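Novice: Given chain Y, work out where chain U should sit, using these hints.
Number of protein chains: 2
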Amino acid sequence: MKIDYKKVVSEILSSREKSGGIDKIYFAACGGSKAELTIANFFLSCESKKVKTWIYTAKEFVLCTPKALDENSIVITLSSSGTTKETVEAAALARKTGAVSIVITGEKDSPLAANGDYVFYDGDEPKYHYSTLSLTIALKFAVELVQQVEGYPHYEEMQNGFAILDDVIGKARDYAQPGALAFAEANKNEPVIHVMASGANYNVAYTTTTCILMECQWIHSNPIHCGEFFHGPFEVTDKEVPFLILVGTGRERAMDERAVKFLNQYGKKLYILDAKEFGVDVLGAEVCEYLSPIVFTGVLSIYSHKLADARNHSVDVRRYMWHVEY
Amino acid sequence: MKIDYKKVVSEILSSREKSGGIDKIYFAACGGSKAELTIANFFLSCESKKVKTWIYTAKEFVLCTPKALDENSIVITLSSSGTTKETVEAAALARKTGAVSIVITGEKDSPLAANGDYVFYDGDEPKYHYSTLSLTIALKFAVELVQQVEGYPHYEEMQNGFAILDDVIGKARDYAQPGALAFAEANKNEPVIHVMASGANYNVAYTTTTCILMECQWIHSNPIHCGEFFHGPFEVTDKEVPFLILVGTGRERAMDERAVKFLNQYGKKLYILDAKEFGVDVLGAEVCEYLSPIVFTGVLSIYSHKLADARNHSVDVRRYMWHVEY
Numbered sequence: 008m009k010i011d012y013k014k015v016v017s018e019i020l021s022s023r024e025k026s027g028g029i030d031k032i033y034f035a036a037c038g039g040s041k042a043e044l045t046i047a048n049f050f051l052s053c054e055s056k057k058v059k060t061w062i063y064t065a066k067e068f069v070l071c072t073p074k075a076l077d078e079n080s081i082v083i084t085l086s087s088s089g090t091t092k093e094t095v096e097a098a099a100l101a102r103k104t105g106a107v108s109i110v111i112t113g114e115k116d117s118p119l120a121a122n123g124d125y126v127f128y129d130g131d132e133p134k135y136h137y138s139t140l141s142l143t144i145a146l147k148f149a150v151e152l153v154q155q156v157e158g159y160p161h162y163e164e165m166q167n168g169f170a171i172l173d174d175v176i177g178k179a180r181d182y183a184q185p186g187a188l189a190f191a192e193a194n195k196n197e198p199v200i201h202v203m204a205s206g207a208n209y210n211v212a213y214t215t216t217t218c219i220l221m222e223c224q225w226i227h228s229n230p231i232h233c234g235e236f237f238h239g240p241f242e243v244t245d246k247e248v249p250f251l252i253l254v255g256t257g258r259e260r261a262m263d264e265r266a267v268k269f270l271n272q273y274g275k276k277l278y279i280l281d282a283k284e285f286g287v288d289v290l291g292a293e294v295c296e297y298l299s300p301i302v303f304t305g306v307l308s309i310y311s312h313k314l315a316d317a318r319n320h321s322v323d324v325r326r327y328m329w330h331v332e333y
Numbered sequence: 008m009k010i011d012y013k014k015v016v017s018e019i020l021s022s023r024e025k026s027g028g029i030d031k032i033y034f035a036a037c038g039g040s041k042a043e044l045t046i047a048n049f050f051l052s053c054e055s056k057k058v059k060t061w062i063y064t065a066k067e068f069v070l071c072t073p074k075a076l077d078e079n080s081i082v083i084t085l086s087s088s089g090t091t092k093e094t095v096e097a098a099a100l101a102r103k104t105g106a107v108s109i110v111i112t113g114e115k116d117s118p119l120a121a122n123g124d125y126v127f128y129d130g131d132e133p134k135y136h137y138s139t140l141s142l143t144i145a146l147k148f149a150v151e152l153v154q155q156v157e158g159y160p161h162y163e164e165m166q167n168g169f170a171i172l173d174d175v176i177g178k179a180r181d182y183a184q185p186g187a188l189a190f191a192e193a194n195k196n197e198p199v200i201h202v203m204a205s206g207a208n209y210n211v212a213y214t215t216t217t218c219i220l221m222e223c224q225w226i227h228s229n230p231i232h233c234g235e236f237f238h239g240p241f242e243v244t245d246k247e248v249p250f251l252i253l254v255g256t257g258r259e260r261a262m263d264e265r266a267v268k269f270l271n272q273y274g275k276k277l278y279i280l281d282a283k284e285f286g287v288d289v290l291g292a293e294v295c296e297y298l299s300p301i302v303f304t305g306v307l308s309i310y311s312h313k314l315a316d317a318r319n320h321s322v323d324v325r326r327y328m329w330h331v332e333y
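Top line first, the protein sequences correspond to chains Y and U.
The number in this note's numbering is simply the position in the first sequence, starting from 1, with 7 added.
The number in this note's numbering is simply the position in the second sequence, starting from 1, with 7 added.
With the rest of the complex left out, here is chain Y:
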């Protein structure tokens, strides 16, 4: 059954109408799932005056719980398997404190789902390509929440963007193929590759570092925020260090372009993924900034697989996960 965002948001707001409404939302998950939720968190932090928003790695949310967490809060957790322990604990904590617990998962009969007041099962949703499904669900919910709480001026444009998103991702992936192949060949023996982005896209850099490079390829990496680059990290720049940089289409673009300019001058191994080249603008002038990380996520999936092929190191190989206790 498709998620009825309008109905869910309306129900939640009604349920808190007499006790002060919903004024806080906490996102809690781990690793790539946490990064996925960050897009909705970023959208809310920019666009909502009334709903305050934060994101936590799940265990820190459980151990160092914010005192402000209460029944006027929503907690959104995400785990594809529905079994990530820390995330299950976060959802359980949400219910214990009287917050609304929304879980996003690919498994209806999981410990995580058992701790949700609302379970957003991603299996029935439109099949946005390549790991972009759950992050899109979180963003759609956030957009609907702002719309119903205080009105979001670009709501219709955003809905149009969602409607054509899958097509844009598909085209971006076609466009990205040669670049991904060239990147993979050039970097297959590199021990360190840094990844950069800013704004809504920052957490695609985080996922690329954390999941694609460190987890799947055992390549060292730092997800450097373009706005932070010139305050320390840029001193590692030389002709030998590879940087993969995501250039956005929104307000953050100025930060990304400044970093590109510097790296073009003083670096050499610079790989630029420009959202404009990927046709992200088509998604709508006012909303493409928030949708671009979804397109980037689809594109980076190709980079991940091409790199795995070039290195002859499958994306499914692990030395610890699935093999040892920890």
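Be aware that one or more of the hints could be misleading.
Chain copies aren't distinguished; within one or between two, either way the pair holds.
In silico DSS-like cross-links for lysine-lysine, where the CA-CA straight-line distance does not exceed 27 Å [unchecked claim]:
no., residue 1, residue 2
1, K31, K14
2, K74, K13
3, K74, K283
4, K74, K14
These are computed hints drawn from the structure, not numbers from a lab.
Nothing here was measured: the structure is a model prediction, and the numbers come from that model.
Specialist: Just chain U now, with coordinates in the frame of chain Y:
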């Protein structure tokens, strides 16, 4: 003149008494300065029910400004030189939107100071050792703010902690000398060193990666949150990769210890800085969690200098900062 936190907080709250009070605080700075402000942000996120808190890299705050920023907000910026462009822009934005602008700086006659409704000049404050001054100022202000807005149950304990902090840092630094020397000798030729922490200490890991390793030594590094470690990054672990890990004394310690246990089993080059060994507990059972990053900052300064000595690579050498336009 010493900063009169009580008076400043009282004045600010009075100034907003008729227009809804102070309910939001935004921290905005760059690099190491941003990391310093994170301690106060973490304290507020844990301990305040009424004042919501966020931290931004300054340029993102300026470009992707949260819509919630208004006259019921405080914006705290920090730049030691008072000239960091992005941070000056953030303070100017604060004033433009009617927020209270507090700047922390070492230069009274700087562009940053010119954009502050309140200038916290650190030159007259007690001389907490070694780069810990400004972060302590931000934390002291945050503690006073919570106390006056809603009461902080451990206010007196925190004040006692502040009173003996300098002594604790001094002793911790003495204790850390042999470990710092051993770390420096063992790692002087390493191209990559990862740094880990969690909770209030996370941003000491960020500073260690960003400023000590990447900026000053051109060593690659990723500041890995212990709560995120098992969700991707831990797959890079082997007997060759060095990890420096800060172990806290507070609620976050469970995350740190889990990472230590794993690294002891599957890694080899593990360097542990344990806040308990540094006597951080003395600062007060309920508050040492928030003060420990200040002690770690003092200790890491020794690690920085010993590493510089061992590598014969001064902490003052840069290839870009001070030398080229960017």
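Novice: Is it within, between, both or neither when you check K74 against K13 at 27 Å Cα-Cα?
Specialist: Cα proximity of K74 and K13: across copies only (23 Å, versus 29 Å in one copy).
Novice: Up to 27 Å between alpha-carbons, please classify K74 paired with K283: within, between, both or neither.
Specialist: between (42 Å within a copy, 26 Å between copies)
Novice: When no copy is specified for K31 and K14, does a C-alpha distance of 27 Å or less occur within a copy, between copies, both, or neither?
Specialist: within (19 Å within a copy, 30 Å between copies)
Novice: Can you give me the call for K74 and K14, within, between, both or neither, at a CA distance of at most 27 Å?
Specialist: between (29 Å within a copy, 26 Å between copies)
In summary, this structure violates none of the numbered hints.
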